[in-house]
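Undergrad: Chains as they are written, first to last, in my numbering: chain B, 1 to 322; chain C, 323 to 644.
Since the hints were made in silico from the structure, they are not lab data.
The structure displayed is predicted, hence computed values, not measured ones.
Think of the CB as a built atom: it goes at the ideal place given N, C-alpha and C, for glycine as much as any other residue.
Please note that the accuracy of each hint is not assured.
Stated by the list, open to error - Reference listing, derived: stretches of chain C covered by chain B, where coverage requires no fewer than 3 residues with Cβ under 8 Å from a Cβ of chain B:
#1 492-506
#2 575-587
Claimed, not checked - Each pair of labels, with its calculated beta carbon distance range:
#3 R507(C) x D306(B): 37 to 45 Å
#4 S62(B) x P497(C): 46 to 54 Å
#5 R274(B) x K545(C): 52 to 60 Å
#6 G276(B) x R524(C): 42 to 50 Å
#7 R596(C) x G48(B): 54 to 62 Å
#8 A425(C) x R203(B): 58 to 66 Å
#9 P236(B) x P497(C): 19 to 27 Å
#10 R524(C) x E277(B): 44 to 52 Å
#11 L321(B) x K545(C): 51 to 59 Å
#12 R361(C) x S107(B): 54 to 62 Å
#13 L321(B) x G503(C): 42 to 50 Å
#14 S107(B) x G503(C): 57 to 65 Å
Number of protein chains: 2
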Amino acid sequence: MTEVTGTAEPAPSIIGVDVGGSKILARRVDPETGWAEGRVKAPTSTDGPESVIDQIEAVVTSIDDWRSSIAIGVGMPGPVTPGGVAGPCPNIEGWDEPIDLAAGLRSRLDKPVVVSNDVNCGAAAEHRLGAGQGYSNMLAIFVGTGVGGGLVIDNRLLGGERGIAGEIGHVTVEPGGRPCGCGGRGHLETYAGRAGIDAEMRRRSDGGANGFLLSLVGDSPLKSRHLAAGVDAGDPLSFALIEEAAHALARVIGNTATLLDIPLVVLGGGIVDRLGEPFLDQIRQSPDFGGYGPTVTDLVLARRLDDAGAVGAALLAADQLA
Amino acid sequence: MTEVTGTAEPAPSIIGVDVGGSKILARRVDPETGWAEGRVKAPTSTDGPESVIDQIEAVVTSIDDWRSSIAIGVGMPGPVTPGGVAGPCPNIEGWDEPIDLAAGLRSRLDKPVVVSNDVNCGAAAEHRLGAGQGYSNMLAIFVGTGVGGGLVIDNRLLGGERGIAGEIGHVTVEPGGRPCGCGGRGHLETYAGRAGIDAEMRRRSDGGANGFLLSLVGDSPLKSRHLAAGVDAGDPLSFALIEEAAHALARVIGNTATLLDIPLVVLGGGIVDRLGEPFLDQIRQSPDFGGYGPTVTDLVLARRLDDAGAVGAALLAADQLA
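One chain only, chain B, in its complex shape (with noise of 0.2 Å):
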C-alpha cells in the first residue's frame, strides 16, 4: 500500500452537536484551535427520545464524512450527570427523565461520546474563544426566558457533584421576593429573566400609568425588543424592570466574586444583546457589585460566537478525555 503524506487526510476533529428544543445541529470541531468547519442541522423531532438520538446519530454521520473524528460531544438543554445522562429536558417533547444518552450514541457511534449542559457548553465557548480568553477563573451567565450559568474554575468547566452546577438562576437575591416557577422566592431569573419580567409586568400593570409594555405586549410572551421599546419611549415601567434586573445580577455577581475570587463576569443573551452596554453600566452601579475587598470584578458582553453550542460541547469533550 502506498503512503500517502500531506493535506489530504484531515487533522483528528470532535463533532459538538448542539441539541435544541427546535433544531440539532453539528459542527467538526479542531480541538486546539476551537475552528470549526461543516454545518448540518436538522429540525428537532417531536417523536420522542429515540427518535431525537436517531437524529444526533444522523447528524454526527452526516457531518463525521472522513469517518476521521476521535471523539463526540453532545450539548443537551436540561441537567446532564457527570457520566453523560441527560434531562429531564422539558423544551424536547417526551424527554420527561434522564436518559443515559452518552451510552447510547456511544454504543450507536463506537467512539467516545461527552454529554453536557447547554448553558456549559456556551460558557466553555466563551472562555476559549470569546470574551473569556486569557482567564483562568471566570463565571459566564445568559438572560434568557430563564437565567443559566457556567463557572470556570481553573481553566476547567465546573460541572458540579452531580452535574448541576451553575443554576445560577435560582440563587435568591431577595428573600421572600417574586415567586419563581420552581416553587422557590426571590430567585435571580424572577428579576433578569424574560418570563420572570414578563410575570411581573402584568402584576404591575394595573391599566392607567404603568400600562404602556402590556399594550404593546399583549397576551404574547414579553420580548427584548419590548423593554427597549420602553426604554426608547420613556416608560417608567419599564426602567424599573431593566433597573430591578440589574440590581438582582448585580448581587449575584457580587456575592459570586466574594464567595469565588472570580474577576470576570461575561453576561450574554437577548435582552443583555438588546440593551448592551448601558445595562452593563447599571449592573456595574448597582451597590452590590463587585464583591469584597480586592474582588473588582471585570463585567463583559458575551461575543456571540456563532454556533457556540456545538463549538463548546465539542472542547467541552476534549477536555474531558485529555
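Given chain B, work out where chain C should sit, using these hints.
TA: Okay, now just chain C, sitting in the frame of chain B:
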C-alpha cells in the same frame, strides 16, 4: 559507611505551622495520612512581622529534629496569594501590609514553603480527616467573631484567582441589612458572627424586656455562652438573634449549593459548637436551606480536630507540591 535499615529513619514529613494572633503552633505531619507528631508552640510576638518570621523559623527548626521534613506549610490569619504573599493580618501586631512570607521562609529554611489562609487550612483538615472524609466537594463554614469559609472542589481547596476565595462572611444575605465592619450591608457575618450578633444585641437592648443579654454581657464582648444562657433562660432576644443567624446561614448554604452543586456543608466555630445539633436543625428548617432541585445538602458539625490549622497547613502544602 554501614547501611542503616529498619525504623530508625523517619518517614518524610511536612511541618505544619499555624500562626495565630496569640500563639504559633507547629506539628510534624505525615502527608499521606495526616497523622501528626510532636508539638511546639510559642506566644506570638508583638514586635512586628520580622520577629514573627523569626519565631516561625524557630518552631520549625525545633520540631524538625531529624531535619527530615520535605516541606513547610504555614497557615496565616489573613489573605494569602497563590504565591505565598500574606497579609494584612489584623490580629498580628504590625503586619499591616502584604509580605512575601513564602520567599522569606524559603531562603531561611532552604525547603519548599507553602503559605495558606488559616480558614482554608481548617477546611482542608475537615475534608481530609474530619467530617468531610469521602466527599469530593464540600463547603466548610467557621463561625467565630466573623465568619470564614473554605470550598473544596474536586478534592482541591479552592484558592481563587488571587487567593481570596471563600470570603463567605461577606456574602450579602439581606440587601440593605445590618452594617458590616467592611463598609457593606447585610453580609452573612453581621447575622452569624459573634461581633455582628453583639452589635445587634446592643442596638435592640433598649432597656426593658430586651435587656437580659446586655445585663449578662455588660461592656465586654458577647460570648457564645451568653447566648446559650439566654436560650436557657427563655430570653426572646437570644432566640431571635439565633434564629436570624440560622436563616442567614441557611440562605448562603442554599445559594452556594445551587451555584456549585455542593452536597456537604461542614459547620464549626464557637457558637456552633456551643449550640450544637439544635442550631443545625434550625438551619435545616429554614426555607432557603437546601438550594435548587436535587441539591439536597448534608449539614454536619465540624469534628473540632486537634490542631486542625497546623495539620491543614501541612496537607495543603502536600497538595500544592504534588
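Undergrad: Hints first: check each against the structure and report whether it holds.
TA: So, going through the hints one by one against the coordinates:
| no. | hint | result |
| --- | --- | --- |
| 1 | 492-506 | holds (count 8) |
| 2 | 575-587 | holds (count 9) |
| 3 | R507(C) x D306(B): 37 to 45 Å | holds, 43 Å |
| 4 | S62(B) x P497(C): 46 to 54 Å | holds, 52 Å |
| 5 | R274(B) x K545(C): 52 to 60 Å | holds, 55 Å |
| 6 | G276(B) x R524(C): 42 to 50 Å | holds, 47 Å |
| 7 | R596(C) x G48(B): 54 to 62 Å | holds, 56 Å |
| 8 | A425(C) x R203(B): 58 to 66 Å | holds, 59 Å |
| 9 | P236(B) x P497(C): 19 to 27 Å | holds, 22 Å |
| 10 | R524(C) x E277(B): 44 to 52 Å | holds, 45 Å |
| 11 | L321(B) x K545(C): 51 to 59 Å | holds, 55 Å |
| 12 | R361(C) x S107(B): 54 to 62 Å | holds, 58 Å |
| 13 | L321(B) x G503(C): 42 to 50 Å | holds, 48 Å |
| 14 | S107(B) x G503(C): 57 to 65 Å | holds, 59 Å |
Every hint from the earlier list agrees with this structure, and none is contradicted.
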